[in-house]
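Undergrad: Below, each chain spelled out in residue letters.
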Amino acid sequence: MTSVRELICIVCPQGCTLQAEHQADTWTVSGYACKRGLHYALDELDAPKRMVSTSLPVVGGEYAMVSVRPDAPIPKDMVMTAMQSLQGVSLAAPVKRGQVVIENWLQMGVNLIATRTVYKAR
Amino acid sequence: MVYDVLIIGAGVTGCAIAREMSRYELTIGVLEQGSDVASGTSKANSGIIHAGYDAPTGSLMARLNVTGARQMERTCQELSVPYRRTGSLVVSSDSQAARAELQRLLQQGIANGVTDLRLVTKEEISRLVPMLNPNLEVGLYAPTAAVVPPYELTIALAENAVQNGVSFLLGRKVTSMIPQPDALVVHSGTERYEARLVINAAGVYADQVAAMLQDRSFSIIPYKGQELILDKQYGKLADLVVFPLPTPVSKGIVVAPTPSGNLLIGPTAEIVDNPSDTSTTREGQLQVLDAARHLIPAISSKGVITSYAGLRAVADTGDFIIRSSEQCKRLLHVAGIKSPGLSAVPAIAEMVIGLISERLRLTPKNTFCPLRSKAPRPLEIGLAKWHELIKLDPAYGRMICRCEQVSEGEIRDALRGVLPPTTVDGLKRRLRVGMGRCQGGFCLPHLISLIAEYRGLDAAEVTKQGSGSEFILGRVKANPTGGDYIE
Amino acid sequence: MNRLQVELAIVGGGPAGLAAALGAKQAGLKNILIIERDAHLGGILQQCIHSGFGLHMLGTDLTGPEYAEHFIEQVVGSEIELMLESMVTGLTAQRVLTVVNRYGATKVTTQAVVLAMGCRERARGAILIPGSRPAGVYTAGTAQRLVNLQGFLPGREAVILGSGDIGLIMARRLVLEGCKVKAVIEAMPWPGGLTRNLVQCLHDYDIPLYLQHTVTAIHGSGRVKAVTIAQVDEQLAPIPGTAFDCTCDTLLLAVGLIPENELSLQAGLMIDERTGGPVVTPSRETSAPGIFACGNVLQVHDLVDSVSQEGLEAGRAAAAWVQGRRATARSYGIVPGEGIRSLVPQRYDYPTSSVLSLVGRVTHPMQDALFTVSRKGVCVHTSRRKHLRPGEMFSVQIPAAALNDAGDLDVAVREVESHD
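Residue numbers (my numbering), protein chains in the order written: chain A, 58 to 179; chain G, 151 to 637; chain V, 7 to 426.
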């Protein structure tokens, strides 16, 4: 049984269209202009990951919100679940850039970190 | 409580009448269905104060236009409203018919009492409007024409009326009227008002208001006018108002400078069925651009910052209708106030005073003050005075609207004013915030927050133009059940 | 009126202004002032909470706020002066600025000025979308600010007009916050944004992209109720009979950015119609001596990294000007031809001993393209590219050896036969 998939490489702006063929449990990739494209395709076919970011409310801060992201990309199929898990979560000022907001977020092996500094409101 | 006078409609007509009546010892109320004054026809008016040669001699329009236009500068001075005497020019390519038409307008203007009106040569035309299409070689020049900001004028009339004791009852649509022996009862939903005299200044709805008392003596045909506003970079293309030759239905699509330095082009003239249909169309926009480019070829769609449509209230009688209702002497119509209605408004208000003096005893009020107390506007006072103002109050140095350079202090003053806006559009019409080239892209979030703060609202309750036009439909990460709080 | 004298004033504390300040500092200037309208430095990066910043400049993938803080920390740690919540209301060709803030109005006299005001978004009026005027029509950047900085959702069901990067990023952002994005509409036959954003923002969430379509009407009286979408022809005019309605409560506009050049116009700077920004030399000096420009006020960039790079260079050039090292060479034009939508710089100095670096955008996507640079009809330089897209900036380096004679340069790009 052979299955074929087409991917668009997102590593660099060139955006190569990649063809991947699945046969006997292995993927054969073609269409990439550089090695990074091959690695992207293999990762994407095996266990695709995405970086996500959002904002959380801050209580008592100079800003209403603080932006956050995981410290490494998370499994693509976890993105919506991960976002929903943050409903109702808020932080107390001050928040420092890089501060871990949630350790081992949903047991995904990544920490959710703040991406900006929010001082206490004056 | 029984009002001496209730005015239906807080457009420029209703507000001018309210202000004029506030000179006398009367209890006056203004009922308006919108959430703010100037929220119908007046907000989309071209703002041109016509010299007065267009209307047929002997018509109410002709008489009131010429008189009103003469009074307008003083009215604007009293109310601190910008008034720019630009003059106007009717232009055409040269032909015998065109010359005859200009001659007719000239004679009509003279007969109407317009001063300084004259035909101009090709040389003078190109001196007056250097960017004009060179094929337009004959013209009629009216130096007395001017431009004003129509919504600002309406608001200023209303604010001055409030200062002199008039009550504005906003967000109240009149649903029925019942005559009684000594008063006319006006209902707005479940609310009930009584007045000795009611003025029907309901604009495109004036025939519906009349019909509430079985008065079907006129009907109003809404004529849609679509207009475009160009960036201030294009404002210098015309220093005066440029008209094509008039058509039987309108004065045509004009190019007009605005008091704020933009360029206005339009309006179209389209009959519509629905008196609330102020939508724009691609055809209308293209028609306006084509016609404007015929007058001034350098006009480009690239310069457009906004487009909108307004509805003229055209009466089937062809003239202004300013008289008592045959069905009920307590109802006075001020209807069919189409162009040149804005120009005529001071004279209309005076005429209405004359009419009500037959029915009410008018005692001048010695506390009346014709001057509007206006909060400081930094851009109007110059940099040195602006500096002093900031020294007294730093809020005037915190800029919120970049394009029109409006400070937080001015927004605060407006929100605490005598007739404070409740919506973002209301704030816009008072201060021009969000009316510049970015059209609120930068300042809208700040305006929402400031309105919420000063009116004690949640941001989600702040609207563009009244209930149902909220900006914010939810909160990021909101959880009605509480949720985690991470220290 | 307050008075202030500085060597260099930088208008704008976003990525371009921050880099310009650091560039000037590194070049030895002591007396540098950044004037910023907001209460915080960082400009638009503050609300760009997604990742993808810094890959070129810092060799790492950061979010906008992180990228901004990297520069802000260096600026705050130096002796660079800051005027925050301060708006420049005037600029003269003699480099005198008028600044208004809570302390009053200040005249700032300078030896050099770097303009780094960024850009604004095109709004509804600029593209003449007909219909009614309800609440719920936002530019994508305004919506981004509401969501990311203020925590407000501008709507629940959105249609997005424009497939530039901001439109794509906001499509994903709204979906992540539980909103529905019904469609992204693009008038051109190709998407406007970077390919990686197309994949990560639309494909990942099954958001349909309608190429060669536009929004032809907005419906609703209080709040947006629906929009009409129609196919467009090559002249971008709607094709009759192709219209359909799409219910939604929000329309986001991502229909282009316009450099904010009100001050440039006040100072009488020469403006390039194509970029919408000032005409500059390779050192990013405008037509007014001692006034430089960088970042999105000069040309709308695709990546913040190139904004920072341009800022650094403009800052260094402004420092050199203050230090008395001023170009004496005559300048000649660089004229965009076939296939070129915009080109910066628009002037170059002759004679010159350095490589002339051109950046710009093409008019349409190309495969196997060849840039040709010619002077008086004679080709002096060529350069090949495998792929070119209007959404991505190109750069062409012309060696000094090719600039061995005076005269305007003509630049063109066209597809050629592949040599593969």
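The hints are simulated quantities; they were obtained by calculation from the structure and are not laboratory data.
Misleading hints may appear alongside valid ones.
[Unchecked claim] Below, simulated DSBU-like cross-link-like pairs (lysine-lysine); rule was C-alpha separation at most 35 Å, straight line:
id, chain 1, residue 1, chain 2, residue 2
1, A, K177, G, K479
2, A, K153, V, K31
3, G, K452, V, K382
4, V, K31, V, K113
5, A, K133, G, K323
6, V, K113, V, K188
7, A, K92, V, K392
8, V, K188, A, K133
9, A, K133, A, K106
10, G, K452, V, K231
11, G, K323, G, K524
Undergrad: If a hint holds in the structure, say so; if it doesn't, say that too.
TA: Consistency of the hints with the structure:
no., hint, in the structure
1, A:K177 / G:K479, "violated, 67 Å"
2, A:K153 / V:K31, "holds, 27 Å"
3, G:K452 / V:K382, "holds, 33 Å"
4, V:K31 / V:K113, "holds, 23 Å"
5, A:K133 / G:K323, "violated, 54 Å"
6, V:K113 / V:K188, "violated, 50 Å"
7, A:K92 / V:K392, "holds, 17 Å"
8, V:K188 / A:K133, "holds, 21 Å"
9, A:K133 / A:K106, "holds, 5 Å"
10, G:K452 / V:K231, "holds, 28 Å"
11, G:K323 / G:K524, "holds, 29 Å"
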